[in-house]
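Participant: Chains as they are written, first to last, in the working numbering: chain A, -3 to 364; chain B, -3 to 364; chain C, -3 to 364; chain D, -3 to 364.
Heads up, a few of these hints could be off.
No copy labels: a pair is met if it fits in one copy or bridges any two.
To be verified - Taking lysine-lysine and the DSBU-like style, the derived pairs with C-alpha atoms no more than 35 Å apart in a straight line are:
1. Lys142 / Lys193
2. Lys251 / Lys62
3. Lys62 / Lys194
4. Lys95 / Lys45
5. Lys142 / Lys95
6. Lys313 / Lys142
7. Lys194 / Lys142
Just so you know, the hints here were simulated from the structure itself, not pulled from any lab data. Just so you know, these numbers come straight off a predicted model, no measurement behind them.
Number of protein chains: 4
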Amino acid sequence: MSGNTIGKLFTVTTFGESHGTALGCIVDGCPPGLAISEADLQIDLDRRKPGTSRYTTQRREDDEVKILSGIFEGRTTGTSIGMVIYNGDQRSKDYSNIKDLYRPGHADYTYDQKYGFRDYRGGGRSSARETAMRVAAGAVAKKYLKQVHGVEIHGFLSQLGPIRAETVDFEQIHQNAFFCPDASKLEALDAYMRDLKKQGDSVGAEVTVVATQVPVGLGEPVFDRLDADLAHSLMSINAVKGVAFGDGFDVVNQKGSEHRDTLTPQGFTSNHAGGVLGGISSGQDIVARIALKPTSSITVPGETITNSGESAEVITKGRHDPCVGIRAVPIAEAMMAITLMDQLLRHRGQNAGVSGPTPPIPGQSPAG
Amino acid sequence: MSGNTIGKLFTVTTFGESHGTALGCIVDGCPPGLAISEADLQIDLDRRKPGTSRYTTQRREDDEVKILSGIFEGRTTGTSIGMVIYNGDQRSKDYSNIKDLYRPGHADYTYDQKYGFRDYRGGGRSSARETAMRVAAGAVAKKYLKQVHGVEIHGFLSQLGPIRAETVDFEQIHQNAFFCPDASKLEALDAYMRDLKKQGDSVGAEVTVVATQVPVGLGEPVFDRLDADLAHSLMSINAVKGVAFGDGFDVVNQKGSEHRDTLTPQGFTSNHAGGVLGGISSGQDIVARIALKPTSSITVPGETITNSGESAEVITKGRHDPCVGIRAVPIAEAMMAITLMDQLLRHRGQNAGVSGPTPPIPGQSPAG
Amino acid sequence: MSGNTIGKLFTVTTFGESHGTALGCIVDGCPPGLAISEADLQIDLDRRKPGTSRYTTQRREDDEVKILSGIFEGRTTGTSIGMVIYNGDQRSKDYSNIKDLYRPGHADYTYDQKYGFRDYRGGGRSSARETAMRVAAGAVAKKYLKQVHGVEIHGFLSQLGPIRAETVDFEQIHQNAFFCPDASKLEALDAYMRDLKKQGDSVGAEVTVVATQVPVGLGEPVFDRLDADLAHSLMSINAVKGVAFGDGFDVVNQKGSEHRDTLTPQGFTSNHAGGVLGGISSGQDIVARIALKPTSSITVPGETITNSGESAEVITKGRHDPCVGIRAVPIAEAMMAITLMDQLLRHRGQNAGVSGPTPPIPGQSPAG
Amino acid sequence: MSGNTIGKLFTVTTFGESHGTALGCIVDGCPPGLAISEADLQIDLDRRKPGTSRYTTQRREDDEVKILSGIFEGRTTGTSIGMVIYNGDQRSKDYSNIKDLYRPGHADYTYDQKYGFRDYRGGGRSSARETAMRVAAGAVAKKYLKQVHGVEIHGFLSQLGPIRAETVDFEQIHQNAFFCPDASKLEALDAYMRDLKKQGDSVGAEVTVVATQVPVGLGEPVFDRLDADLAHSLMSINAVKGVAFGDGFDVVNQKGSEHRDTLTPQGFTSNHAGGVLGGISSGQDIVARIALKPTSSITVPGETITNSGESAEVITKGRHDPCVGIRAVPIAEAMMAITLMDQLLRHRGQNAGVSGPTPPIPGQSPAG
C-alpha cells in the first residue's frame, strides 16, 4: 500500500526507472482461468511504444514484456503475475548534462527535496517510461473485462493544442498515429506538429476514455466512488493536470434542468453524467477526459537553477515527444481498465445477496 | 479499507444517512498532543451548515458535533477519535413520495441496482448530509497542519453559473454568504440566485482550494502522487464532476515554453503547475479546482421511471440548495486537509534519513 | 488502515477508552439485506459483560449497544454501520493513584513512551474495555456467516491454570459461567477461583475457538493466508501471548507420517491441521487456540517505577477479573467471525470463474 | 493489498512458483540513502539455500538475486526496489506423478478447490520456494534496522522433534548446519536426522527469533499491535502452526504475580512478556517462537484421493527437507525484520510531536 501499488482487490505494483536494468510489475488478484499470453499484452505495449511515428520520440524501446509467473498452461492461476521489461536503448550519456540542473516543469527539484538525491538518468522513476508496465497490467484487466462482461475501453485524442476532434469514430482511432477519432482533423494535426517541431516546442492535449457495457453497480461510496477511484488512477499518469467525467467543467455553467439525464422505460436519454451517479456506474458509457500538460523537455532555452541554487540555462536535447498526450492514450485506457477491474471484484465480494439461494463459493467442486 | 475509509496513515472512516439516527466518523492516526476541542470543529461545521443564508437550503440542521474518544485533558492521545452528530430536524414524510421513484440525476437508481434496495429517506447514504463528518474530521487535520507547519487552506467559490470571480481576496471570503473572494461580484450573485429561485432551477459552480506553506516533498509516486490522492479525495465529494490543478484543462492549448514554471535563485516565478511537480509538492501553493454539477433536486418537473420501470413525473419539493457548490467550500477544504495530512505523515514515516544522526523515535524519553 | 481498523473488504474500525464518553465502531462492507437488530448484538455483548458471575469483575457495565446507521427497515443496506456504547459506571477516582505509576505487565509504560502521555483512567485505550465493540461487530459477521453459509463459531475455555477440559460438549459451554465445555471440571474450577481470590492473584487460560461448516477455499496466499489473518486478529486481543491451529505447538515433536491428515473418498480422517492447508480452508472445522496471560491487575504488592523513574510499590485495587481468559471467549469468537467474513468476501470477489456463464453482478435486476 | 503484499508503509509484494520462470518481489517504502547491494542480500539467501548440508534437501537452487531498480550509485533512492531470482534446476518431470493426486498435508486439494485448477509442478505457488524472496526483502529491512537503530535479529532452532536447545549462544548459531544455539545438542541432532532419513519420515521443529535493541514504542493498537502484526507475518510462513511471544503457551498455567515483569530504575528484571506490552515494544528483546509442522513430503506411503475423488496411494519421492524447520530460520528472521521495519516507519509517521520545535520534513534542504 505504499505509493507504487494501486487497487485493493485487483492490485498493480510497479518498479523501474528510465535507465535502470528493467521495469516490472506484479498484478495480484486476477481471477483464475483467464487465458493470457505475452502476445496479448504486447498489442497495447506496441501502441504506447515510442518511435512508431514521426510525431513521437525517436527513441527506440522494444518494450518486450516477459511474464515470469502466475500463468500455467496458458491461463491465470489466481496467484500473483510477475512481469518484466528489460531496458535496452538507454544512452545514459544524453542525460549527464542535467545531473546538477533542475529542469523547469520536471520533477528533478521535488525528487531531490523529497529523497535527498535522485537517479538523474532520464528522469529516473519520474520518467513516463514507468507507464509501460501500467499498459501491460491494464491489458490483463482489459481482457478479463471484455471476455467476462463485454466491457470495451476506447481511448482517443480529443484535442491537441487548438485542434479538437468534432466527431468520434472508434474505428478511425486505430488508423492514424494520433489516435484521433476524427479523420477530418488529421491534416491539420500533421501540419501543427511539423510546425511545433520547427519551433522546438511542445503542446498539451486532451485524451478521452470511454468504457462501454460497464455493469451497473460498480463503485464503493462514500470515498471509493467509481469516479473518485478513476480520478486517482487517471491523475496518477505523468503530465495529467485535470480529470473530468461527462460534461466535466462545463457543468459549472449548466442548470439542473439541463444537466440531469432523464430516465425512461427505454433507458437514459442522455449522458451528461458520464455514466456515474452517486459514485456508482449507471450502466451507461463511462466517459472520462484528462488534460495533459505540454512536456517541459523542449529545445527552447529556459532559465533555471542548479542543485546548489545558482542560475543556469537549460535546453533539453535528448529525444522527446512534442506532445506526450498522444502516447498517453493507451496508458489512460490501461488505468481505466485497472480501476474498473478492481471495482468489479470489490462489488462482487461485498454484494452477494443474503436472501435467495446461498451464493456460490467460486471454484468449489461438488465433491468439495 | 472498504469504501467508507480514506487515507492510509491519517484515516477517516464515516457512517450515517440523511435521516438516520446519527452521523459519525473515526479519525485514526492523528499525532498525540494536539489541543483540540468540539468548538474547534464547530467553526467549520457552522460554515457548512444549511439554513444560514437565503441562498442555501432552509432546512435547519444543528450539526452539533460530540467528541466521544481520543482526547484527554484537551489533547489528542494518539488513539482513534470518535465523533458523532445526532440528526435532528428530519421530516421523513417529505420524502415518502420518492420511495418508488428514481429521481433523475440522483443515486436512487444506482443504489437500488447495486444493493438491491435503498434507504430512500432524503437520499440516505447518498445525501450530501454525510459530508458534515468530513468537515469535522478535516478540522482536526487543518488545526494540525496550521499549528505544526503553518499550512493554511483557503477555499472559495471561483465561479457560479456564468459569474466568475476575477480577483482573489482571502479576507473577503469570510465576509459573504457565497464564500466569494471578489466583492465586486456579490451583487450579481445575489441577483442571479434570486432569479434562479423563481425558476425553481439550480446551477453549477466551480470551487477553488488553495493551500499555502505546504512543505516541499509531499506525495508518494508513482500512484499515490499528491495530485492523484487529492483528485481522489476531491472527486469523492457529492456533485463533483471534475478536478484540476494549476492551469487545469487550459494546459490542453498551452505550449511547453509557456507552461513550465521557471526556477530562479529567488524561487519560482509562476505557478502554472499548481504546486505539484512529478506528483510531489514543490513548496508553492497547492491550487486545486473542482467543478460541481447543478443539483437535480429542483421543482422544474422532469420525466423519470418508477422502480418497476414505468414512466413517471418527478418534482423534488423538499428544501434544497439551488447551488450545492456554495456549501461545498468548507467540504473541499476539509478533503484537502485530510489528504495533505495523510501525505505528510506518510512522507515523515518513509523518508527519515539514513546518513547523519539517528532519526529520533518520537515520544521516547531519555530514560526509555 | 491505521491501527484501529481490521479487515480489507469487511472492515471494523473502533474507538473508545475505558473511562471516556463512549466506545464505538464502524462496520464497513457488510453485504446488504441482512436482518440485524440491536437485540442480535446484545446477546454476545451480554456474554462478555462483566459482573455476571462471581468469577469475573464486579464492575457493572451495561454495554447497551445502539446502532446509528446502516440499517433500514431492519436490514443492512450495504452502507457503513455505526454503533456506539455509552460508558456508564466509570468511577474515575479508583484510578487516580496510578496516574504517575507504571503498573508492571500493563501498557502504562509503553503508551507513555510511544505517545508522550496517556489517558491513565482505567488503562484508557489499552483497557480490554474496547473489546466490547469487537463483540458487537463480530455479532454482525456471525449472523451473516450462519445464515448464508451455516457457519457456526464455538468458543470455550479449554484450560484455566492447571485445569484442562478433557471433553468438548458445545451445549455445555452455555450452561456455566466459565464457558467450559467439560461439566466434570466445573467443581474444580470453582474451587480454584475461590482460592485464587483469597490470594489476591490471577491466572492464565487457554481459549479454543472452533468454526464449523466453513466453506473450502477461504484464504489469500501467500501473506494473507487464512491462518495468518486469524493469527493477526486473535493476537490483537488483550492479554493473548500465543495463537495456534490444530495440533499447534505439539507439531514440534510430531513425525510427518503422524501429522498429515489422510484424505479418503469419504473425506478427511483426522484434523491435525486445524482446517487450514497451505493457508486455505479445507472444509474441515477451523480449530484455533489462544493463550491468555494472567492479568497484572492484582492485589499482591509489586515493585515498579514512577514516570519520573523512581522506585515505587503498586497494588492494583479496582475491580478486576482474576482470569481474563474467561470473558475472552466471546471476544475470540468475534475476532474469528470478523476474519472469516473478510476472507469470504475477498474470496468471492477474486474468484468468480472465467469460463462458463457470466458471473452474476449481484443486486442487478433484469431491467438494469 | 491483495494477498501477496505484506506491510503498510514498508511493503513487500512477491510472485513466483516453484517451477515457473522466476521468483520476484517489490520492496516499496524503503527510506532513501541506504547502501545496499546484491551481495548484502545474498548472505541470507545462501543461509536459506537448499543443498548446503546433508540435513536439507539436495536440490540445487542457486538463488542468485538480481536487483532491477530502486538503487542508484549503490544507495536506495526511495523508489520501489524490484528483485528477481531466475529458477534453475527445476526437473519438472519429478512432479508429473502428482498432477492428479491430492497429497495429504499439502495444499493440492485446497488450491484446486479455491482456484479451480493449480500449477501442480512442485507445489507451484504453495511451495516454500517463494520464501526465497521474503529472505531477500527481509535483508533490506535487516540492514536498515541494524544501521540506523542497531537492531539485530537472531533466529535459531530451539527444538527439533524431542531435542531442545538448553542454552542460547548467538555465535554458535552460525557455526552449525542446524542453526542450533546449543553446541551440546549437535551430536544428538545429527543422530536423529540420520535415523529419520532411514525411516523416510520427517519431523517438526520450533524456531525462536530474538530482536535486540528494538526502540520502545513500535506497534499500532488496537488491531495492529506489534505482536499481532508479527503473528500475521510469522504465521504466513509455510508449515507454521503456532506463534507465541515471551512465555507463550506457558502463561496458561502462570499466576499474575509470577508473570508480570518488574520495572526498576535500572530497567526490567525479567522478560516474560517477550518485549511487548499492550501491543507496543517495551525496549526489551522481542522474543517470538514458531512451531513448524513436519513436512508431508515423505516416502512413507500414505492413503489419499485423486482429483476425481478416487482412492490412491501416495509416496512423495522428489528431494525434500526432512525438517523444514531448519531452513525456516532465515525466513523467520526476514519476516520479523519486515514487520519491525513497517512498524518503525508507521510509528515515525504518526508520532511526530506537536509541541516543541517543528518536526523536520525529511530530505528538505535549507534552500528548499
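Participant: Hints first: check each against the structure and report whether it holds.
Facilitator: Going down the list of hints, with the structure as the test:
1. Lys142 / Lys193: neither (38 Å within a copy, 46 Å between copies)
2. Lys251 / Lys62: For Lys251 and Lys62, neither the intra-copy (52 Å) nor the inter-copy (37 Å) Cα distance is at most 35 Å.
3. Lys62 / Lys194: Neither, since 38 Å and 43 Å both go past 35 Å.
4. Lys95 / Lys45: within (26 Å within a copy, 40 Å between copies)
5. Lys142 / Lys95: between (45 Å within a copy, 31 Å between copies)
6. Lys313 / Lys142: The answer is neither: 41 Å in one copy and 42 Å across copies each exceed 35 Å.
7. Lys194 / Lys142: Classified as neither: same-chain Cα gap 42 Å, cross-chain 48 Å, threshold 35 Å.
Comparing the model with each numbered hint stated earlier shows that hints 1, 2, 3, 6, 7 do not hold.
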